[in-house]
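Asker: Those sequence lines, one after another, are chains A and B. According to the UniProt record's numbering, the first sequence is numbered sequentially starting from 1. According to the UniProt record's numbering, the second sequence is numbered sequentially starting from 1.
If you are wondering where the hints come from, they were derived from the structure by calculation, not from laboratory data. Model, not experiment: these values are computed from the prediction. Treat the hints loosely; a few may be bogus.
To be verified - What the simulated footprint calls covered on chain B by chain A, stretch by stretch (three residues with Cβ under 8 Å from a Cβ of chain A suffice, anywhere in the stretch; the number is not a length):
{"no.": "1", "segment": "12 to 21"}
{"no.": "2", "segment": "32 to 44"}
{"no.": "3", "segment": "260 to 268"}
Claimed, not checked - Cβ-Cβ distance ranges computed for the label pairs, FRET-style:
{"no.": "4", "chain 1": "B", "residue 1": "Glu249", "chain 2": "A", "residue 2": "Arg105", "range": "22 to 28 Å"}
{"no.": "5", "chain 1": "B", "residue 1": "Asp13", "chain 2": "A", "residue 2": "Ala280", "range": "31 to 37 Å"}
{"no.": "6", "chain 1": "A", "residue 1": "Glu128", "chain 2": "B", "residue 2": "Thr250", "range": "45 to 51 Å"}
{"no.": "7", "chain 1": "B", "residue 1": "Ala254", "chain 2": "A", "residue 2": "Gly243", "range": "39 to 45 Å"}
{"no.": "8", "chain 1": "A", "residue 1": "Asp186", "chain 2": "B", "residue 2": "Tyr9", "range": "33 to 39 Å"}
{"no.": "9", "chain 1": "A", "residue 1": "Ser153", "chain 2": "B", "residue 2": "Asp13", "range": "48 to 54 Å"}
{"no.": "10", "chain 1": "A", "residue 1": "Pro151", "chain 2": "B", "residue 2": "Phe257", "range": "39 to 45 Å"}
{"no.": "11", "chain 1": "B", "residue 1": "Gly244", "chain 2": "A", "residue 2": "Ser153", "range": "35 to 41 Å"}
{"no.": "12", "chain 1": "A", "residue 1": "Asp251", "chain 2": "B", "residue 2": "Lys81", "range": "41 to 47 Å"}
By construction, the Cβ of each residue, glycine as well, lies at the ideal position given by its N, Cα and C atoms.
There are 2 protein chains.
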Amino acid sequence: MNAATSWHYENFDPSGSAIGYRITGKLDEVQSPFQKIEIYGSTDWGNLMLIDGAMMLTARDNFLYHEMMSHPALFTHAAPKNVVIIGGGDCGTLREVLRHPGVERAVQCDIDEQVTRMAEKWFPELCESNGDPRAQLLFDDGIAYMANREPGSLDIVIVDSTDPVGPAEGLFNKAFYESCFRALKDDGILVQQSESPLVLLELIKEMRGEMGKAGFTAFQTLPFPQPCYPTGWWSCTLARKSGGFDFRETDARAKAFDTKYYSADIHKGAQALPPFVAAALGG
Amino acid sequence: MNAATSWHYENFDPSGSAIGYRITGKLDEVQSPFQKIEIYGSTDWGNLMLIDGAMMLTARDNFLYHEMMSHPALFTHAAPKNVVIIGGGDCGTLREVLRHPGVERAVQCDIDEQVTRMAEKWFPELCESNGDPRAQLLFDDGIAYMANREPGSLDIVIVDSTDPVGPAEGLFNKAFYESCFRALKDDGILVQQSESPLVLLELIKEMRGEMGKAGFTAFQTLPFPQPCYPTGWWSCTLARKSGGFDFRETDARAKAFDTKYYSADIHKGAQALPPFVAAALGG
């Protein structure tokens with residue numbers, strides 16, 4: 001590689017492991033009221049976004065996360081119309097949600113407007129549905145937003161947040177989940193990014209415990225590959241007030257939009273938890 | 001962490017990405033006639049083995065690779081009795097193969113005896129079946145070994161090699177695959193570690209092409225998580241002379257040994273290739 005490239009590493013203390021990229025330089029940086037957002041160019045992964053030093057997304061592999069944060073839940077719900085995304089300021093999850101023609105309204109509520117401004121500038125492909133008349137972009141506190149929703153008004157709430165430290169800490173506890181529980185209809189689904197099934201199993205278990213205390217009765221953790229996050233193996237967790245996780249397989253097979261990672265078969269496959277994960281979560 | 005720890009990174013040039021670990025120090029090092037083998041201690045992953053600077057395995061996550069390199073093939077074959085492992089000097093694949101009570105003979109042929117000596121010393125849990133009377137450990141050239149096998153004598157050949165550069169380069173081409181084809185029975189299965197489905201799809205496609213030129217007619221690439229390898233997402237590829245990849249699901253469900261990652265459902269799930277992988281390999 002040419003002399004202008006260098007390597008940028010993120011050391012992830014909780015797992016004692018690191019992930020790095022060969023970068024071509026820093027393209028942008030902003031210190032918002034909440035966090036520091038940095039954009040790097042890379043030789044093989046397109047643009048990278050870091051928040052407070054933690055890798056948030058790369059142009060090359062974010063499809064894995066965004067597709068798995070949205071389509072499993074939207075194909076599990078019988079007819080999702082009203083969706084709220086808490087966090088998700090890069091707008092990639094919003095774009096995937098809006099691929100579902102039955103969705104009538106998708107509100108994205110991220111506390112930090114600068115994340116979206118940086119995404120618009122450096123990841124315009126993720127923002128291509130921001131002008132959709134069904135989309136509403138709010139820049140506000142997600143905890144307060146959910147606390148103020150009309151009871152039983154939402155079909156799906158997707159918590160597309162950073163790790164449970166800093167601004168996102170309040171998105172991983174019973175109080176917040178109670179707001180989600182109240183705001184969801186009886187057949188509603190809560191989705192949360194739930195970290196690495198290899199090194200953060202305890203966190204997933206605690207999260208499901210908090211969801212249970214808030215009233216949710218059924219849980220489903222779906223693992224998927226995500227190279228830019230610690231260990232390269234990530235998960236989302238779905239929680240329901242009632243009902244299970246059979247999904248609209250026929251609709252998923254016949255979907256009118258393309259996906260790169262998600263498919264009905266991938267959805268089914270992700271439901272098979274490895275024995276060591278099932279044993280840890282099963283208790 | 002205490003002052004004695006530091007971070008060790010492996011920069012993987014083909015993908016422009018890196019993986020690193022918080023290490024407690026170098027425990028051992030040997031320069032064999034073939035390669036440099038290093039052992040590090042780590043804070044969260046147990047011992048690490050590096051070969052020529054490339055991460056080979058960690059105590060914590062090698063079960064993913066070793067289980068997926070062995071059990072899918074052994075449960076796909078109707079009754080595997082004679083198994084050969086080319087490479088695999090850390091003995092982890094051998095251990096998994098020998099969990100199958102029907103296996104009568106498992107030969108591990110690694111060119112570098114020092115890999116096995118280091119594994120015995122620093123990863124004794126992987127070597128716990130080395131004394132099994134069905135096991136034979138050879139330290140020899142795998143290419144020559146396969147070229148000299150009696151035609152139609154083997155049920156499964158597992159190529160558990162390093163990347164296709166250096167000593168392992170000759171294990172990824174038509175000539176070597178022809179030896180495997182000849183040595184396998186008509187219902188035999190060839191398995192090869194096949195790198196990252198995200199960044200090395202072209203390599204997987206080329207490998208399948210070379211296997212096809214050697215006479216193999218059916219291929220199956222199974223992705224799985226593997227945090228210590230580039231991108232954290234890896235794969236193995238199975239090739240058959242005839243027949244398909246329906247596996248002995250009932251036997252897999254009833255298996256008399258424990259696994260941490262592999263299960264019949266994981267096996268089924270891995271058969272669902274993400275659309276972008278299927279599109280690239282399908283041609």
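Asker: Is the distance from the Cβ of proline 151(A) to the Cβ of phenylalanine 257(B) consistent with 39 to 45 Å?
Answerer: With Cβ atoms ~51 Å apart, the hint is violated.
Asker: Evaluate the given range 41 to 47 Å for the C-beta pair formed by aspartate 251(A) and lysine 81(B).
Answerer: Distance hint for aspartate 251(A), lysine 81(B) holds at roughly 46 Å.
Asker: Please test the hint of 35 to 41 Å on the beta carbon pair from glycine 244(B) and serine 153(A).
Answerer: violated (50 Å)
Asker: Take a look at whether the Cβ-Cβ distance between glutamate 249(B) and arginine 105(A) falls inside 22 to 28 Å.
Answerer: violated (43 Å)
Asker: When you take the CB atoms of alanine 254(B) and glycine 243(A), is the distance between them in 39 to 45 Å?
Answerer: This hint is violated: roughly 31 Å between Cβ atoms.
Asker: Kindly confirm whether 48 to 54 Å is satisfied by the beta carbon distance between serine 153(A) and aspartate 13(B).
Answerer: holds (52 Å)
Asker: Could you tell me whether the CB distance from aspartate 13(B) to alanine 280(A) stays inside 31 to 37 Å?
Answerer: Holds, at about 36 Å.
Asker: Return holds or violated for the Cβ distance of aspartate 186(A) and tyrosine 9(B) against the range 33 to 39 Å.
Answerer: Violated: the Cβ-Cβ distance is about 50 Å, outside 33 to 39 Å.
Asker: Within 45 to 51 Å or not, the Cβ separation of glutamate 128(A) and threonine 250(B)?
Answerer: Holds - the Cβ-Cβ distance for glutamate 128(A) and threonine 250(B), about 48 Å, lies within 45 to 51 Å.
Asker: Holds or violated: the segment 260 to 268 of chain B covered by chain A, criterion of 3 or more residues with Cβ-Cβ distance under 8 Å?
Answerer: Answer holds; 7 residues pass the 8 Å Cβ test.
Asker: Taking a Cβ-Cβ distance under 8 Å as contact, does the segment 32 to 44 of chain B have three or more residues in contact with chain A?
Answerer: holds (count 3)
Asker: For the segment 12 to 21 of chain B, do at least 3 residues have a Cβ located nearer than 8 Å to some Cβ of chain A?
Answerer: Result for this restraint: holds, n = 8.
The structure is inconsistent with the numbered hints 4, 7, 8, 10 and 11, although it conforms to all the rest.
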